[in-house]
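Work out the full structure: start from the sequences and follow the hints.
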Amino acid sequence: MRINPDKCVACGNCTYVCPMEAIYIDPVIKRATIKRDECVECYACYNGLSQEHLNPTFVRAIRKTFAALRIRFEPEPDVCPTAAFEPDELTWPRVVRRAFSDPRVPHESTGVEGRGTEEVKTNDVSGRVQVGEVGFTIEFGRPGVGVRFREIQVMCSALAKAGVAFEKKNPVTSLMTDVPTGTLREDILNEKVMSAIVEIKVPVERTEEVVRLVWDVEKKLNTIVALGVGTRCDPDGEERVVAPILERLGYKLERAKTNIGLGRAVPASQPAASRETINA
Amino acid sequence: MTNTLHRFGNAESFSDDYVVFAIASKGKNDKDALPKLRRFLQIAAEYKPVNLGEGRHGGALRPSRDMSPVSHWKRDMTPDFQAVIDGLDHPTTCAAVFDNRVAAEDFVKRIKEEDLGLSVNISTSIDGAEQCCHHACIPRHSVGYSLGFEGKTEKLPNTQVMMLSTMCGHGMVSHQLARKMIDWVKEGRRTPDQAVTYMSRFCSCGVFNPARAKRILQESIDGK
Chain A
1 MRINPDKCVA CGNCTYVCPM EAIYIDPVIK RATIKRDECV ECYACYNGLS QEHLNPTFVR
61 AIRKTFAALR IRFEPEPDVC PTAAFEPDEL TWPRVVRRAF SDPRVPHEST GVEGRGTEEV
121 KTNDVSGRVQ VGEVGFTIEF GRPGVGVRFR EIQVMCSALA KAGVAFEKKN PVTSLMTDVP
181 TGTLREDILN EKVMSAIVEI KVPVERTEEV VRLVWDVEKK LNTIVALGVG TRCDPDGEER
241 VVAPILERLG YKLERAKTNI GLGRAVPASQ PAASRETINA
Chain B
1001 MTNTLHRFGN AESFSDDYVV FAIASKGKND KDALPKLRRF LQIAAEYKPV NLGEGRHGGA
1061 LRPSRDMSPV SHWKRDMTPD FQAVIDGLDH PTTCAAVFDN RVAAEDFVKR IKEEDLGLSV
1121 NISTSIDGAE QCCHHACIPR HSVGYSLGFE GKTEKLPNTQ VMMLSTMCGH GMVSHQLARK
1181 MIDWVKEGRR TPDQAVTYMS RFCSCGVFNP ARAKRILQES IDGK
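In the order they appear, the protein sequences are chains A and B. Residue 192 in the working numbering is what sits at position 192 of the first sequence, and the numbering runs on without skipping anything. Add 1000 to a position in the second sequence, counting from 1, and you land on the number used in the working numbering.
Just so you know, these hints were derived from the structure itself, not from any lab. One should not assume that every hint holds.
Claimed, not checked - In silico DSS-like pairs for lysine-lysine, Cα to Cα no more than 25 Å straight-line:
(1) 220(A) to 1074(B)
(2) 1155(B) to 35(A)
(3) 219(A) to 161(A)
(4) 1155(B) to 1031(B)
(5) 1155(B) to 1036(B)
(6) 220(A) to 1155(B)
(7) 1074(B) to 1186(B)
(8) 1028(B) to 169(A)
(9) 1048(B) to 1109(B)
(10) 7(A) to 30(A)
(11) 219(A) to 1152(B)
(12) 1155(B) to 219(A)
(13) 7(A) to 64(A)
(14) 1031(B) to 252(A)
What the hints assert, rightly or not - For each label pair, taking beta carbons as the anchor points, the in silico distance ranges come out as:
(15) 1155(B) to 53(A): 31 to 39 Å
(16) 1072(B) to 24(A): 23 to 31 Å
(17) 190(A) to 1158(B): 49 to 57 Å
For clarity, every value in this text was computed on a predicted model and none was experimentally measured. Beta carbons are placed, not taken as given, at the ideal position from N, Cα and C, and that holds for glycine.
Structure (structure tokens):
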């Protein structure tokens, strides 16, 4: 993403809407400027700000006049008055930033659509997590912090050493050059993204071990980690196995995503349409 | 991203936050999913949601690509649910957000009766989802627990900012915008309703809960 300096009027609206705080008003050129290395190409500025198409010279003159009169210029906070944002043509490896940060684009760079996979959201159809199994989503970077792949690498290596299985249809897994060791591509390690999710599945007996491993590794990381733990309920709809383990580890379980089991697979003979998965 | 799972707050703070979403599974039941997803949204609209959304085009309040300067003084803050339904052109995750348990329960019961064959999930407090299932006589199939945020938590802002910004799990509502809106509401520069619409427009899949956001902003004025 870039900001066209000929259009920008330095109103400052965009400096607040950037989730990575990567936009600032450059005091020398007096224009909004993007710190390119901090920008994760999430397009929140381009897609989220409403756009006007005002004449920049006119707007600057108005702003100068108001400033001289000490009148506060207070535009709507979610508007770019001159439509100054212009998307860049992204190339590898920078394109990975957008794939992991802009929720509206499929993972063109990785070949996997969506930031993660369907995990337990479609478990009633996919049967991905069975009774006696636990699916972990280990998410890095959110909210509002971001993460570089070299930090994700640390966690992946530790998980691989523990012998866990990475979910195959996951964008992070698809960027591994060696899945058994959890090794990510060298050329993406410095790329920063809004968030990325590592997905693994283990037998329920290993739940505590994995949580403790994550605790140990996350201390070494300079970002936020959000853990999600998915499991199957019993035929009565109760879950009496994993919750007690998590509570024993000190977690107070407040929120969950509950799959209510209404999904149904269609017969395999019918070809499936292509679709985009954007996680919810 | 586990978009609705990691909302910040305790169970009590989700008493006005029920996200019900439908999703097809790739290669398993996504054939002909589009009309079913549209039907899901149409039914949801009957139960007075506070937001509707889908992953490709967003929620019921969207930014404008060609805004008129005069619209600053008369911006439409009414959610357009029909636009979400009409705009759905691709099988993706569709979500309905409710601000009360009764509406969510009734909607879930109706969706069960409709038998669309899509996977349906409820994202809220654990008790809230259990009550919805109980009301519809549905045993839960699977559950995905949120264990919250760990690691370098000193990088995170205060509770109210977090409660607002994490309502867009894709991270499109920045901490700074949430903080600015709290400040503007406290200073009387904008009403809570106005502040909520600004934030809603950044949510790219329509799961932002404007009712909960308004309550949080109101509580910030009241010093809670």
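Is the hinted range of 49 to 57 Å satisfied by the C-beta distance from residue 190(A) to residue 1158(B)?
-> violated (31 Å)
With 23 to 31 Å as the target window, see if residue 1072(B) and residue 24(A) comply at their CB atoms.
-> Holds, since residue 1072(B) and residue 24(A) (Cβ atoms, about 25 Å apart) stay within the stated range.
Residue 1155(B) versus residue 53(A) beta-carbon gap, inside 31 to 39 Å or not | holds (37 Å)
Does the alpha-carbon distance linking residue 1155(B) and residue 35(A) stay inside the 25 Å limit?
-> With a Cα-Cα distance of about 19 Å, the restraint between residue 1155(B) and residue 35(A) holds, given a limit of 25 Å.
Pairwise hint evaluation, residue 1031(B) against residue 1155(B), where the allowed Cα distance is 25 Å at most = Cα-Cα ~43 Å, so violated.
Sort out whether residue 219(A) lies within 25 Å of residue 1155(B), counting only the CA atoms.
-> holds (13 Å)
Quick one, are residue 1031(B) and residue 252(A) close enough, alpha carbons at most 25 Å?
-> violated (39 Å)
Is residue 7(A) close enough to residue 64(A), meaning Cα to Cα at most 25 Å?
-> Given that 25 Å is the threshold and the Cα spacing comes to 16 Å, the pair holds.
Below or equal to 25 Å on CA atoms is what counts here, so check residue 219(A) against residue 1152(B).
-> Distance ~8 Å between residue 219(A) and residue 1152(B) Cα, so the pair holds.
Take a quick look at whether residue 220(A) and residue 1074(B) sit within 25 Å of each other, Cα to Cα.
-> violated (50 Å)
If you draw a straight line from the CA of residue 1155(B) to the CA of residue 1036(B), is it 25 Å or shorter?
-> Since the Cα atoms of residue 1155(B) and residue 1036(B) sit roughly 42 Å apart, the hinted pair is violated (cutoff 25 Å).
Straight-line alpha-carbon gap residue 1028(B) to residue 169(A), limit 25 Å | holds (15 Å)
The structure does not agree with the numbered hints 1, 4, 5, 14 and 17 stated previously, though it agrees with the rest.
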